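There are 2 protein chains.
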Amino acid sequence: MKILILGIDGYIGWPLALRLIARGHEVSGADSFFTRERVREVNSDSITPIVSMEDRLQKLYQLWKKKIEFHKGDVSDPEFVYDLIKKIKPDAIVHLAEQRSAPYSMLGLKQATDTLTKNMIGTLNLVYAMKDIIPESHLLKLGTMGEYGTPNIDIPEGFFEIEYKDRKDFLPFPKFAGSWYHWSKVHDTNNLMFANKLWNLRITDVMQGVVYGTRTKEIEETDLYTRFDIDEVWGTALNRFCTQAVLDEPITPYGKGFQRRGFLSLEDSISCLTIGLEKPPEHGEYRVFNQFDEHYSVNELAEITSSTARDILNKRGKIEHVENPRIEKEEHYYNPEHSKLKALGYERKRALKEEIILMLKDIEKFKGKADNLRGVIKPKTVWKNSPGLDK
Amino acid sequence: MKILILGIDGYIGWPLALRLIARGHEVSGADSFFTRERVREVNSDSITPIVSMEDRLQKLYQLWKKKIEFHKGDVSDPEFVYDLIKKIKPDAIVHLAEQRSAPYSMLGLKQATDTLTKNMIGTLNLVYAMKDIIPESHLLKLGTMGEYGTPNIDIPEGFFEIEYKDRKDFLPFPKFAGSWYHWSKVHDTNNLMFANKLWNLRITDVMQGVVYGTRTKEIEETDLYTRFDIDEVWGTALNRFCTQAVLDEPITPYGKGFQRRGFLSLEDSISCLTIGLEKPPEHGEYRVFNQFDEHYSVNELAEITSSTARDILNKRGKIEHVENPRIEKEEHYYNPEHSKLKALGYERKRALKEEIILMLKDIEKFKGKADNLRGVIKPKTVWKNSPGLDK
Chain F
27 MKILILGIDG
37 YIGWPLALRL
47 IARGHEVSGA
57 DSFFTRERVR
67 EVNSDSITPI
77 VSMEDRLQKL
87 YQLWKKKIEF
97 HKGDVSDPEF
107 VYDLIKKIKP
117 DAIVHLAEQR
127 SAPYSMLGLK
137 QATDTLTKNM
147 IGTLNLVYAM
157 KDIIPESHLL
167 KLGTMGEYGT
177 PNIDIPEGFF
187 EIEYKDRKDF
197 LPFPKFAGSW
207 YHWSKVHDTN
217 NLMFANKLWN
227 LRITDVMQGV
237 VYGTRTKEIE
247 ETDLYTRFDI
257 DEVWGTALNR
267 FCTQAVLDEP
277 ITPYGKGFQR
287 RGFLSLEDSI
297 SCLTIGLEKP
307 PEHGEYRVFN
317 QFDEHYSVNE
327 LAEITSSTAR
337 DILNKRGKIE
347 HVENPRIEKE
357 EHYYNPEHSK
367 LKALGYERKR
377 ALKEEIILML
387 KDIEKFKGKA
397 DNLRGVIKPK
407 TVWKNSPGLD
417 K
Chain D
27 MKILILGIDG
37 YIGWPLALRL
47 IARGHEVSGA
57 DSFFTRERVR
67 EVNSDSITPI
77 VSMEDRLQKL
87 YQLWKKKIEF
97 HKGDVSDPEF
107 VYDLIKKIKP
117 DAIVHLAEQR
127 SAPYSMLGLK
137 QATDTLTKNM
147 IGTLNLVYAM
157 KDIIPESHLL
167 KLGTMGEYGT
177 PNIDIPEGFF
187 EIEYKDRKDF
197 LPFPKFAGSW
207 YHWSKVHDTN
217 NLMFANKLWN
227 LRITDVMQGV
237 VYGTRTKEIE
247 ETDLYTRFDI
257 DEVWGTALNR
267 FCTQAVLDEP
277 ITPYGKGFQR
287 RGFLSLEDSI
297 SCLTIGLEKP
307 PEHGEYRVFN
317 QFDEHYSVNE
327 LAEITSSTAR
337 DILNKRGKIE
347 HVENPRIEKE
357 EHYYNPEHSK
367 LKALGYERKR
377 ALKEEIILML
387 KDIEKFKGKA
397 DNLRGVIKPK
407 TVWKNSPGLD
417 K
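First to last, the protein sequences are chains F and D.
Using this note's numbering, read the first sequence as starting at 27 and increasing by one per residue.
Using this note's numbering, read the second sequence as starting at 27 and increasing by one per residue.
In isolation and in its complexed conformation, chain F is listed as follows:
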């Protein structure tokens, strides 16, 4: 299958490219290197050693004799998107090329505006280019479980039958996101539902949980690492917790820590995305996957990280709750459905504890780099203080 990965340089994009190549697909990709640049803006960096795209591709060719056609550019530029799609004419497009950090979107009005508009424009450019050039191809788009918020009822996979005043309909589940970033994904979801209605495009909208981990089997085989961010803006919860444990810094759940979210390992994320690509939707189908393995509270993750770090690395594993910089319920019901990917063949590869052991060992390898970044791990970006115009 000819697959185009937008955002191929990212945490998910790169290991997905390796997986798809390993499975015999013809892979091309694009990236604007937005994340590499923005991570440096907050004085942070990937602690895993990531080489340039040029070097990644060169080494991949040396190892596997496989080529990836790469184009540098930004999907919020319609000319770039049209040219790219005309050139590649992919069977499937994986759209990972969005600003992906909730804290970044809360840094201020400028970042809020950029996140909300550029994420939206990229997706809009894509659906127009698809209907104009490759109307039968499949768009697999990364959304987030955070689109749903934390309602007091079960969360279905996208749509549900609703009964109100003795009448019924099958409708999209009402969303309530918790940051401008998460809302940008809700807006995308809404725009995608409409694009599907307009032009019968095949779309998979992936509501992904929080991803953790340093490796996939192809990263192990090639030593071609993907990025691993540990700072408060770009790092996700469990990745930060493991880094704190290795550095013998306190593990810092935000607030009470009973916030419960869906999580999955990088390995499992890549498996799920691959299933979504290899089992595409029908002509005219818009489908939603809730893509996570299990849900955990932040406290549960902090505790398992702490005990594992004590056991295998002889660390202190201290847990220290910090004031919650976000606006979110700290105790709530949480029960999202997630059966569609299992029905298509998804099975968890490694249990949480097993993956945490691997992560701790990997982070230990890059401890020097993590050590230099101690100062950027604890939260500084406070949701309600998001500054307006600087003047």
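There could be a bad hint or two in this list.
Pairs count within a copy or across copies, as identical chains cannot be separated in the list.
As a list, the in silico DSBU-like pairs of lysine-lysine whose alpha-carbon atoms are at most 35 Å apart [unchecked claim]:
{"hint": "1", "residue 1": "K115", "residue 2": "K406"}
{"hint": "2", "residue 1": "K112", "residue 2": "K406"}
{"hint": "3", "residue 1": "K305", "residue 2": "K379"}
{"hint": "4", "residue 1": "K366", "residue 2": "K191"}
{"hint": "5", "residue 1": "K157", "residue 2": "K406"}
{"hint": "6", "residue 1": "K113", "residue 2": "K406"}
{"hint": "7", "residue 1": "K366", "residue 2": "K355"}
{"hint": "8", "residue 1": "K194", "residue 2": "K410"}
{"hint": "9", "residue 1": "K191", "residue 2": "K379"}
{"hint": "10", "residue 1": "K136", "residue 2": "K98"}
{"hint": "11", "residue 1": "K115", "residue 2": "K355"}
{"hint": "12", "residue 1": "K157", "residue 2": "K282"}
{"hint": "13", "residue 1": "K112", "residue 2": "K136"}
Read the hints as simulated data drawn from the structure, not as lab findings.
Just so we're clear, the structure is a prediction, and the values are computed from it rather than from any experiment.
Given the coordinates of chain F, work out where chain D should sit on it, guided by the hints.
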């Protein structure tokens, strides 16, 4: 009360300014004249004679000895918004300054992008400026009944109690809009709910039905007309039907014509908005009004327009269904709740037929201008053909 009207030059903005002045409020306004310019782009124009803002304000001063402070600018420019709000420090802001045409948003990728992003950015600038400068003021924001789409269940006013798998929550009603314009309003609604959660802003989100009519009592008193658009891009259904009847052109419902929508007269729209302003929400309250008087099918409106035009103007009143350029259900259930404004004192001023008589007579006065615009009334903008990048 000190009230700032953004979009004061528009169909709703101008008569609202007159009403608020007449009721003793201190009114200021801003506009970019976007609609005046864009209407000319489709070779159309208001058939009512609208003078420049300068002349409007001058004549208003001559007649009533009242001043309106006016600033030209675009709310998608954060500097303009911050400067304006610092200068005026209003008790309430009425936000009407958005691209307001569904067909315009479907003209192509460029217009889709502009509508989705600029509408969103304007609202975002406003909520940031409010929380920074006037956190206790009230934002009254124009949305549309079109945000809800046409579900097979009753439509509540914004939120509803939902039961799913034996659990309950009170959640936003799931939206399903029918054009990029309507989606831009859904995105605004979502962003406003979040801004309210972040900063406890007082917000009234008005889901307005389709407005029709040429006059309010202040327009009658001053002869200071508001704009009246009759073309397929900028004119609304009943306004177009009445114009077609006066020109003895066929009245053209789209498709089967059983599409049912909420409608209200311009006079009633202005009354509702005034109630919303004079009875503001509490600190921290986000409230939704479904603002319309009655719902009618497009066929019902075509028929009452036809019979009235036959009776009072001796016109033919021919009805000719045309292919539906939109993507919408042509037969559907429709029962939106609309009790909140009534509870606050809203009462209809004129019945539909009475208002149609006035409109037909007014349009007859400007028949010469309408006659020149015959060519732009019938639909040309076809939703599913919305073109992508021109190249």
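Within, between, both or neither, where K113 and K406 count as close if Cα-Cα is 35 Å or less: Between copies only: 32 Å across chains, 43 Å inside a chain, cut-off 35 Å.
At 35 Å max between alpha carbons, let me know whether K191 reaches K379 within a copy, between copies, both or neither. Between. Shortest inter-copy distance 32 Å satisfies the 35 Å Cα cut-off; intra-copy 47 Å does not.
How would you label the pair K157, K282 (within, between, both, or neither) given a Cα cut-off of 35 Å? between (47 Å within a copy, 27 Å between copies)
Checking an output row: K366 and K355, CA cutoff 35 Å. Within, between, both or neither? Result: close both inside a copy and across copies, 27 Å intra and 29 Å inter.
Regarding K115 and K406, is the shortest C-alpha distance of 35 Å or less found within a copy, between copies, in both, or in neither? between (43 Å within a copy, 31 Å between copies)
If the cut is 35 Å between Cα atoms, do K112 and K406 qualify within a copy, between copies, both or neither? Result: close only across copies, 28 Å inter versus 43 Å intra.
Up to 35 Å CA-CA - K98 versus K136, copy category: Classified as both: same-chain Cα gap 24 Å, cross-chain 23 Å, threshold 35 Å.
If the cut is 35 Å between Cα atoms, do K112 and K136 qualify within a copy, between copies, both or neither? both (33 Å within a copy, 19 Å between copies)
At most 35 Å between C-alpha atoms: does K157 with K406 qualify within a copy, between copies, both, or neither? between (43 Å within a copy, 20 Å between copies)
State whether the alpha carbon distance between K194 and K410 is at most 35 Å within one copy, between copies, both, or neither. between (38 Å within a copy, 29 Å between copies)
Is the C-alpha distance from K366 to K191 at most 35 Å within one copy, between copies, in both cases, or in neither? For K366 and K191, both the intra-copy (30 Å) and inter-copy (18 Å) Cα distances are at most 35 Å.
How would you classify K115 and K355 at a CA-CA limit of 35 Å: within, between, both, or neither? between (44 Å within a copy, 33 Å between copies)
The structure is consistent with each of the numbered hints, conforming to all of them.
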